[in-house]
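Peer 1: Chain order of the listed sequences is G and B.
Straight run, no breaks: the first sequence in this note's numbering ends on number 325.
Straight run, no breaks: the second sequence in this note's numbering ends on number 600.
Hints are computed from structural coordinates only; laboratory data are not their basis.
Quick caveat, the model's predicted, so the values are computed rather than measured.
Be a bit skeptical, because a hint or two may be false.
Claimed, not checked - Covered stretches of chain B, going by a simulated chain G footprint (3 or more residues, C-beta under 8 Å):
| no. | stretch |
| --- | --- |
| 1 | 438–445 |
| 2 | 451–465 |
| 3 | 475–489 |
Where is the CB? At the ideal position from N, CA and C, for every residue including glycine.
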Amino acid sequence: MENKFINQSSLKIWSRLGMRATFGMVALELGNTSKNLMVLTGDVSTSAGLDRFKKKFPDKYLDVGIAEQNMIGIGAGLASEGFDVFTTTFAPFQTTRCCEQIKVNLGYMKQKICMVGLASGLVLGTLGYTHCCIEDLGILRSIPNLTIISPADSGETVKSVLASLKNKNSVYIRLTGGANNDQIYKEDYDFEIGKSITLQEGRDIAIFATGTMVKVALDCSNILKKKDILAEVINMHTIKPIDVEKINKCANKFKMIASIEEHNIVGGLGSAIAERLSIIKNSPEQVFFGINDTYSDGGEYNFLKEKFNLTADAIAKKIITKFNN
Amino acid sequence: MKDNNEISKIKKLAKQIRINILKMSLVAGASSSHFGGALSTVEILATLYNSVLKFDVKKPLWNERDRFILSKGHGCLGFYSVLCEMGYFNKEDLNLFEKNGSFLLGHPVINKKKGIEFSNGSLGMGLSLAVGVAIAGKKNKKNYKVFVLIGDGECNEGSIWEAAMSAAHFKLNNLTAIIDNNSLQQTGSNEEIMSTKNLPEKWKSFNWDVKKIDGHNVEHILNSLKSTSERPKLIVAKTIKGKGFNFSENNNDWHHKIMSKTQYEEALLELENGK
Numbered sequence: 001m002e003n004k005f006i007n008q009s010s011l012k013i014w015s016r017l018g019m020r021a022t023f024g025m026v027a028l029e030l031g032n033t034s035k036n037l038m039v040l041t042g043d044v045s046t047s048a049g050l051d052r053f054k055k056k057f058p059d060k061y062l063d064v065g066i067a068e069q070n071m072i073g074i075g076a077g078l079a080s081e082g083f084d085v086f087t088t089t090f091a092p093f094q095t096t097r098c099c100e101q102i103k104v105n106l107g108y109m110k111q112k113i114c115m116v117g118l119a120s121g122l123v124l125g126t127l128g129y130t131h132c133c134i135e136d137l138g139i140l141r142s143i144p145n146l147t148i149i150s151p152a153d154s155g156e157t158v159k160s161v162l163a164s165l166k167n168k169n170s171v172y173i174r175l176t177g178g179a180n181n182d183q184i185y186k187e188d189y190d191f192e193i194g195k196s197i198t199l200q201e202g203r204d205i206a207i208f209a210t211g212t213m214v215k216v217a218l219d220c221s222n223i224l225k226k227k228d229i230l231a232e233v234i235n236m237h238t239i240k241p242i243d244v245e246k247i248n249k250c251a252n253k254f255k256m257i258a259s260i261e262e263h264n265i266v267g268g269l270g271s272a273i274a275e276r277l278s279i280i281k282n283s284p285e286q287v288f289f290g291i292n293d294t295y296s297d298g299g300e301y302n303f304l305k306e307k308f309n310l311t312a313d314a315i316a317k318k319i320i321t322k323f324n325n
Numbered sequence: 326m327k328d329n330n331e332i333s334k335i336k337k338l339a340k341q342i343r344i345n346i347l348k349m350s351l352v353a354g355a356s357s358s359h360f361g362g363a364l365s366t367v368e369i370l371a372t373l374y375n376s377v378l379k380f381d382v383k384k385p386l387w388n389e390r391d392r393f394i395l396s397k398g399h400g401c402l403g404f405y406s407v408l409c410e411m412g413y414f415n416k417e418d419l420n421l422f423e424k425n426g427s428f429l430l431g432h433p434v435i436n437k438k439k440g441i442e443f444s445n446g447s448l449g450m451g452l453s454l455a456v457g458v459a460i461a462g463k464k465n466k467k468n469y470k471v472f473v474l475i476g477d478g479e480c481n482e483g484s485i486w487e488a489a490m491s492a493a494h495f496k497l498n499n500l501t502a503i504i505d506n507n508s509l510q511q512t513g514s515n516e517e518i519m520s521t522k523n524l525p526e527k528w529k530s531f532n533w534d535v536k537k538i539d540g541h542n543v544e545h546i547l548n549s550l551k552s553t554s555e556r557p558k559l560i561v562a563k564t565i566k567g568k569g570f571n572f573s574e575n576n577n578d579w580h581h582k583i584m585s586k587t588q589y590e591e592a593l594l595e596l597e598n599g600k
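Hey, can you work out the whole structure from these sequences and the hints?
Peer 2: This is how it looks when you write it as structure tokens:
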């Protein structure tokens, strides 16, 4: 299915739709091919792009109402009987609301389901921090037997969903950004859970980024280039298991490492990298870009990204200062 | 009138379960065990495993087996005892209760080959699993039934009510829940800690088919479990925490307590004298 489904034109369309609607598209495709598919939602079918899916595959679709703890339990029960289960709701309700169910059913008991966290990070900033999600990576990373993926664009969302189906452990797919998200990949490519993708080779520093911040990292590297700082840009699409090999290589090669994420600087991508760097002798300095462990005033997506210096300009500025000192 | 042989067989099994519970409680030693809330489930478990559940110990993963989930996972002494009597493991294995590295911990750990469908212990979660398994049964066109045993204190958990609402919504007539209504929870009575008054009415209003029975009367249990329904069925089984022994009946000190050798022998004698 993958080769037929993913091509230059579909990648372009998906990027216009954004990650959420793209999830709906891939679910629709899976509905045709996967016999044991069950897609669950907690009264957010439209937000998850599932309107067409629920009409076309009513037998493979289950709305459990606004009851996310129950959704994970029902999903685990279905998984134990051989179903390929996806659960979908907004990221805070997909993760923090049902943390205990995730820990016991998916982590401890290893019932395998794929959770899709919609609109994670800051994109719902006008709705306040009940709907933003800056904690999911940190919380889920501490639960054994979970895989965590944060795709860089809509095409990678499709790749993540397909790879998750084949993954042994339960997976959390963290979707960030809104509609019209920036396209990182213009054509099909190899995607493997746990194996980061180097988008650009560098000489001086390494920038690890995840989700929508991959595009910011690429833009940032262009600014740095003008100052003769050549940055290696790495798409860290898998947060767990983290690509230790790549971190080791970068620790040897570069004198500075930056991490960029739409997440609290506590517990997310930066922390995962730091945990590795800290056991390497004479490891390079790490600069963290993310939300600085705070709940700020709410506001539009771009307003919040600027507030937390999650823009190419702000990041480049800080890196230049640090690098030249 | 039920077959007297069947009733007496269940009662005999119940007695053996109590003996096993005593042994494991003694084996647990200083690590202590959840004694009272296991004893209140004994007749329910004996009836289920003797007369109601379809299973094959030789083929534990048999697809058509009925699924039993002990949502009140701390009641595992009774559960392990009945699994042992059914032949899922040996009598000697009961000595492993709560020992280092054992498969018989103080809360069940998923082990389908040994008859344990899921890990339990975090309260309020078994009914959601049961709903998932019951939906799967319907989707897969299987005839198995799903039984889940929950505690009355466990009904304090909001997730129980999420699951209860969904079971009725999805019309799961292949699902039976049993509430071990012993009226006591860890640190006091239901009334003191969190009132569970009118449990049957609460579940009726969630559109379950509700039966209220004496949870130690084997004939009542058997009839209620065997009755058919077009809706998910709830059996509110009025029970006695610590049932079977003078020192533990309705004595909440025995929720989780160390069993002494003297108490063990006293209890064994009480059982043998046929109380």
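Peer 1: Could you run down the list of hints and mark each one as holding or not?
Peer 2: Right, here's what the structure says about each hint:
Proximity of the stretch 438–445 of chain B to chain G, defined as three or more residues with a beta carbon under 8 Å from a beta carbon of that chain, is established by the 3 residues found. Counting residues of the stretch 451–465 of chain B whose CB lies closer than 8 Å to any CB of chain G gives 13, which reaches the minimum of 3, so the coverage claim holds. Judged by the Cβ-Cβ criterion of 8 Å, the stretch 475–489 of chain B is covered by chain G as claimed, because 4 of its residues qualify and three suffice.
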